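Here the protein sequences line up with chains A and R, keeping their order. Here the working numbering is used: position 22 in the first sequence is 22, and no number is missing along the way. Here the working numbering is used: position 166 in the second sequence is 166, and no number is missing along the way.
Treat the hints as calculated values from the structure; they're not laboratory data. Remember, predicted model here, so these are calculated numbers, not experimental data. For each residue, glycine too, the CB sits at the ideal point set by N, CA and C. The reader is advised that the hints may include incorrect statements.
Said to hold, decoys possible - With a cut-off of at most 20 Å between alpha-carbon atoms, the simulated SDA-like pairs for lysine to any residue come out as follows:
1. A:K5 - R:L172
2. R:K43 - R:T83
3. A:K5 - R:Q113
4. A:K5 - R:I110
Stated by the list, open to error - Pairwise CB distance ranges (calculated):
5. A:G31 - R:L139: 23 to 33 Å
6. R:S37 - A:N86: 51 to 61 Å
7. R:S11 - A:E37: 54 to 64 Å
8. R:L39 - A:P83: 48 to 58 Å
9. R:L39 - A:A44: 24 to 34 Å
10. A:E37 - R:H174: 45 to 55 Å
Residues per chain, in single letters:
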Amino acid sequence: MIRTKILTSADIIVICAALVLLPWLYSHFWGDGSQGETARIQVADQTPMIIPLQHSQRYTFDGPLGSSIIEVQDGRIRFVESPCRNQLCVHSGWLQNDAEFAACLPNLISITIAGRNPRFDSINF
Amino acid sequence: MTQPPPLRLHSTPDDRRIAALAALAIAIHVLETALPSPLPGVKPGLANVITLVVLLQYGWRDAVWVSLLRVFAGSLLIGSFLTPTFALSLAGACASLAVLGLAWRLNPLIPGQGLGAVGFSILAALAHMGGQLIIARLLIIPHDGLFHLLPVLMTAAVLFGIVSGIISQSILIHIRQE
Numbered sequence: 001m002i003r004t005k006i007l008t009s010a011d012i013i014v015i016c017a018a019l020v021l022l023p024w025l026y027s028h029f030w031g032d033g034s035q036g037e038t039a040r041i042q043v044a045d046q047t048p049m050i051i052p053l054q055h056s057q058r059y060t061f062d063g064p065l066g067s068s069i070i071e072v073q074d075g076r077i078r079f080v081e082s083p084c085r086n087q088l089c090v091h092s093g094w095l096q097n098d099a100e101f102a103a104c105l106p107n108l109i110s111i112t113i114a115g116r117n118p119r120f121d122s123i124n125f
Numbered sequence: 001m002t003q004p005p006p007l008r009l010h011s012t013p014d015d016r017r018i019a020a021l022a023a024l025a026i027a028i029h030v031l032e033t034a035l036p037s038p039l040p041g042v043k044p045g046l047a048n049v050i051t052l053v054v055l056l057q058y059g060w061r062d063a064v065w066v067s068l069l070r071v072f073a074g075s076l077l078i079g080s081f082l083t084p085t086f087a088l089s090l091a092g093a094c095a096s097l098a099v100l101g102l103a104w105r106l107n108p109l110i111p112g113q114g115l116g117a118v119g120f121s122i123l124a125a126l127a128h129m130g131g132q133l134i135i136a137r138l139l140i141i142p143h144d145g146l147f148h149l150l151p152v153l154m155t156a157a158v159l160f161g162i163v164s165g166i167i168s169q170s171i172l173i174h175i176r177q178e
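Only chain R is shown next, with the shape it has when bound in the complex (with noise of 0.2 Å):
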């Protein structure tokens, strides 16, 4: 009998630096959890902080995978996988990303600077937002009456994205001094 050749899985020095920012990214993802929260759906979504910095050091491709890679195993670790809250959180995370990749393209367009980690954190967290009442809508209540919440939310979203931008643009000055 011929043991079957060991399973190598090789990974390239991307995936390591992926996967290293994911583990940052969920670490902030699990640690928020325990946070106190003054509404439900309201939280300040620092580990965007992450996927911000890895967007503008990084590229879109990278953001991609480290905010999927956050949703899938945060939710696993915080035992949420598969839940309506799961759902919540993969549709703000697909919202925000698709924003985020119209908005990484169409940067260089923009005269002067373009967009900084700020801008794209306020887009990205409206987004967020809007996805997830888009699905709460469709999936968990099928009532027009969700949208009163619209304004509230998104003014934490507008509030908490300033924050996790000017966090985002602090963390990049420092990254790129050195």
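Next comes chain A alone, as it looks inside the complex (with noise of 0.2 Å):
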């Protein structure tokens, strides 16, 4: 008889090993699930941009009022300046979990989260 035994010591390290890759796959690919990936900008009536939220960058979008500057900045995303009279878009502050909305009504400008797990299908206020 060569080997009787079902596990050799080498064979439990692996164990152990895939015991502890396994938890970290799921914290890495699973933590803060509710984290938005990108978002979607409507101008007025035009089609829906998506614009990704990993790149940090600045984006102008023309409304009917003038200029509004949208900022992307560590996976989040806010109305910086926006010709809109009460300013409630900017006061909107950061947007970063999915389906989080922020809104320029005056400039017809709307900034939605889209994640991978929606918490939301619509919202009606």
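Quick one: dock chain against chain with the hints and give me the complex.
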């Protein structure tokens, strides 16, 4: 009889390594699942634009009142500047979670975050 | 008019052994496709038990033969030859054979008994799933969202890897006792 044991010590090391790998995979790929990945920007009645949240960048969109500046940074997005009177859109602050929403109604620009597991189908106010 | 001499294929005992083992693996492979699967891509992979037994009993070269014959002949029998399923299956087989080959070469360097069937099985299962996922990402679903499946698929791979490893080791113990 050469080997009667089911597991050798090297096998146990491999099993332990696999058991360490799995929680890491879960936390790496599933951690913070509500984080949005893209933002959908709608300007007036144009086709919505999808922009990624991975790259920090500033965008300028032209609405009927003028230019709104939108900033993407660290997976978040916000209105920086808008030519509207009450500045509700700017005061909405950073958006980062799925289905979060900000709009500048006077300038007809809205931002919606789209992630991988949307929490809402639609929102009415 | 002279008749051409009849074509004779000479098979060595090695060929016949590989063919018999591959036939066994193919049978398991085909039977396994009849099993319902909870998730696409999650399969127990019991045919790999044969690959593992062949690896530990006859070496890596025979394991490559048996595994690739299983992928090709199995897909012909199921009717998935050259379909995306076949591409995934082949990618998985190649990846796990590559990892098994590496582990097989390195194994004598490990002090003590080295890896047994269970260790090889887990490595092969993880490599199989990894290879499949890379090909799926490149050819079938070119989106990084695919990798969100990775944790579940790898968990399944580890569990089924351990199960096939234990089965293989029991078979090996049985064979070696005779």
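Query raised in the report: What are the numbers of the hints the structure violates, in ascending order?
Result: Of the numbered hints given earlier, the structure breaks just one, which is hint 9.
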